[in-house]
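One letter stands for each residue in the lines below.
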Amino acid sequence: MSRPELETGTSLWPGVAAIGLFAVFAAVFLGTDLSDPVGFGENAAIMKSIGAAMFNIDPAAVTSDGAHVAGEGFIVSFILIAVVLDAALDGSLMLAKRDEEEGDN
Amino acid sequence: MTAFDFAPAIALLPFVSFLVALFGGQYLPKKGAFAGIAATAGSLLLSAWVAVTVAGGETYNEALYTFTAGLDTFELHLGILIDPLTALMLLIVSFIALLVHVFSLGYMNDEGETGLPRYYAGLGLFTASMLAFVFSNNILMAFMFFELVGLCSYLLIGFWFREDGPPSAAKKAFLVTRFGDYFFLIGVVGIFATFGTGLFAPVETASGTMASFPQIAEQAINGEADIFTAGYGAQTWMTILGLLVLGGVIGKSAQFPLHTWLPDAMEGPTPVSALIHAATMVAAGVYLVARMYGFYLLSPTALAIIALVGGFTALFAATMGVVKQELKQVLAYSTISQYGYMMLALGSGGYVAAVFHLTTHAVFKALLFLGAGSVIIAMHHNENMWDMGGLKEKMPVTYYTFLSGSLALAGIVPFAGFWSKDEVLFEALIHGFGSEGMLGPMYLLAYAMGLLAVFFTGFYTFRMVYLTFHGDARSDTARDPEPVRWNVKGPLAVLGVGAATVGLINMKPIAVLTGAEIDFLHKWVHGPDEGGWPAALSTDLVTYEELMKGVAGISSNYPIGGEQGTLLVSAALSLGLALAGVLFARSLYGVDQPTEHTDKLGGAKTLLMHNYYQDEYQVWLAQGVTVPIARAADKFDQGVVDGVVNGVSSVSLFTGSRFRRIQSGVVSNYAALMTLSLALLLVVFVVLGGGA
Amino acid sequence: MIPTEYYLLLSAAVFSIGVFGVLTRRNALIFLMSVELMLNAANINLVAFSFQYGNLTGQVFSLFIMALAAAEVAVGLGIILVLYRNFTDIDVTKATTMRW
Chain A
1 MSRPELETGT SLWPGVAAIG LFAVFAAVFL GTDLSDPVGF GENAAIMKSI
51 GAAMFNIDPA AVTSDGAHVA GEGFIVSFIL IAVVLDAALD GSLMLAKRDE
101 EEGDN
Chain B
1 MTAFDFAPAI ALLPFVSFLV ALFGGQYLPK KGAFAGIAAT AGSLLLSAWV
51 AVTVAGGETY NEALYTFTAG LDTFELHLGI LIDPLTALML LIVSFIALLV
101 HVFSLGYMND EGETGLPRYY AGLGLFTASM LAFVFSNNIL MAFMFFELVG
151 LCSYLLIGFW FREDGPPSAA KKAFLVTRFG DYFFLIGVVG IFATFGTGLF
201 APVETASGTM ASFPQIAEQA INGEADIFTA GYGAQTWMTI LGLLVLGGVI
251 GKSAQFPLHT WLPDAMEGPT PVSALIHAAT MVAAGVYLVA RMYGFYLLSP
301 TALAIIALVG GFTALFAATM GVVKQELKQV LAYSTISQYG YMMLALGSGG
351 YVAAVFHLTT HAVFKALLFL GAGSVIIAMH HNENMWDMGG LKEKMPVTYY
401 TFLSGSLALA GIVPFAGFWS KDEVLFEALI HGFGSEGMLG PMYLLAYAMG
451 LLAVFFTGFY TFRMVYLTFH GDARSDTARD PEPVRWNVKG PLAVLGVGAA
501 TVGLINMKPI AVLTGAEIDF LHKWVHGPDE GGWPAALSTD LVTYEELMKG
551 VAGISSNYPI GGEQGTLLVS AALSLGLALA GVLFARSLYG VDQPTEHTDK
601 LGGAKTLLMH NYYQDEYQVW LAQGVTVPIA RAADKFDQGV VDGVVNGVSS
651 VSLFTGSRFR RIQSGVVSNY AALMTLSLAL LLVVFVVLGG GA
Chain C
1 MIPTEYYLLL SAAVFSIGVF GVLTRRNALI FLMSVELMLN AANINLVAFS
51 FQYGNLTGQV FSLFIMALAA AEVAVGLGII LVLYRNFTDI DVTKATTMRW
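Residue numbers (the numbering used here), protein chains in the order written: chain A, 1 to 105; chain B, 1 to 692; chain C, 1 to 100.
One should not assume that every hint holds.
Which chain A residues face chain C? A few, computed with CB under 8 Å, are given here [to be verified]: (1) Pro14; (2) Ala17; (3) Ala18; (4) Phe25; (5) Ala27; (6) Phe29; (7) Val38; (8) Glu42; (9) Asn43; (10) Ile50; (11) Phe55; (12) Asn56; (13) Phe74; (14) Ile75; (15) Ile79; (16) Gly91.
Note that these hints are calculated values from the structure, not bench results. C-beta: ideal position from N, C-alpha, C; glycine also.
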């Protein structure tokens, strides 16, 4: 049975760049001085708030007892993403199908 | 409505005939000949009218067309200067041009030559350029037309371009004169840079008088004016400029060492030789020196060089003329020699003598060339004198006019050449005895060479006459020569009378001996004693004589019994030598069946036949010296100059060819590059402390 | 609570693993998987900061990124299909005709 193996057939030298990148990231992140995280508070209804933010609904109307979290309205992005997903679906279908037809000719 | 208003037409009429012959010549019955004859006749009439006006004391000096009007600097323009010298030369040029055009009807049209529109166009353009050169009022305009006449000479020498000789001769003429003209151009630039003007004579304008460069030069020598002299003294700089311009003069007037083109120029048609290479174009150089005489008189060194070159050339060419076998070749060397006399006169301060000899030479040399042309027609274009003989009875008009010209050339009294040549030698002699410093001996040396040349001149001239016309005919063509028509005999007759009589304009010996006032030419260039044109133009004899004595240090001394005694002795010497030469030629060649006596000269003959190897020497200079220099310059140009440019571009090409390998097509490489760049950017931001 | 730096470090590690995969893997599908890894590393980063500043925008945005990643994979697979058609191999080092 085949198990995952590190591929040694190719040159791994470009990977050093990735390791270098990680080193830079680590140096920066560990050296920053972030204050304590604010967090969201006890009993925060995060999921319901996210849903409300998506549709520009006032989160207080959806959650109970003031456990809402305020956020920005994302309705436009929501619609846009829907369109993009639809377009991507059609695009990939088009790429797959049209080339098949041309390949046959 | 003075004559001067029509002065531009003197040159424009032949220019119109040039255009007519060029564009319409093939449709005309005589292919443009009548247009040329009409134009030169018109120029002659206008020149005569101008001369009459000048005789009344009027002169003219105006700028007519300005190319560029400089601000605070010199301006370049075309203008007309008419003073007695100009008027005389205009008459000579238009007269000879008219006779040559008439002669061409017989030489070219009647002989059935082809391509005649080109010929008459060339003649028309030449006449126009020469006339414009004569009345130029500044040295740049003179240079322009100097070059134009050189171009026309090239076109006309190479008229029969389908043969081998003429195109090669035309190229040689053009290149040798061009070599001299290169120095002339540098001299012109030098004159403009030094004096800020190229005017030969001062011009009255609305804003005052513009001085001419001889005047400014004289002021500079006297310390009154401050000019650019390139670090030399004023007189040294004048000498340098004068010698530079002299380069062009030597080339154009075929003096040693730039004389080699003139004998080869005989490949052209004989009327062309008569007009261009005898009477007018080669006179351009001498005329230029005479025009700028006020400038040359400021430099004794230049004058000495002119005199020595002239005297040497006179002797040098005369020796070569002795052994030549072709008729036109003898005349070509004779031309070189006689222009040497004119240069000798100018160099030794004999201005009147030089102008006089210019006039007489134009007449008798044109006559001799046209006579040679008549003989050539008769001999069906065979020029070898050893095939001629006995033409005297068969061609009387040609013979007597040719004899008249030959007597003038040899300098036998009372023909024209005697008076002018004698005056040249006399002036050289007395100035040789009278001048200061080294100038005197130089003049005497030149005088000696000129005097010796008189013997040779008499000899080769009459050798030519006896071989051509006397004795028994030596070939069938000579026994039965082709007859020539009125259009050949007419000009010959006119010039024959001229050669006998034109000496009358300045018979100085008789004037001095008898006190009669018959030295008309002397008076002509002398002008009125007070005021008049000499005051306006400063190109008169009195001004020149003052400069001669004051600046150049030339004065006269009559060593043998005062002026009259010296005059008689000098005249007797030159006449005696000329007669000796003539009689010597008669004894050798005046027999019925002459032999080639020149063989007795042995090795000297070979040297003379090869023209002292001057042609080979100049070819060697061109091939052995100039070509390697040109090759080296070419290597420098291609290697260094082009190399730098190519090197700069090769850097760009090399960098580009290396850089494009980044586009390897492999996505992972691109991703690797991006990652590296991102890491570097982050480090830079961190180091520079951008942002929190 | 875990200090936010460690979440960032995790995100950096996942991102670097994704970059490593992009740089060294030859199979185009594995290449795409590595790109997915990088996107998810960004998600971790966004959520960590959302908790840091108490702002919901980070979490909402990471949802959008997930949707976008899906769309991108769909198109990417279509492209790999076309790649296979033209080069008969999905080795990214073989498709090198657009080069100097």
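Violations among the numbered hints, reported as their numbers in ascending order: 5, 8, 9, 11, 12, 14, 15
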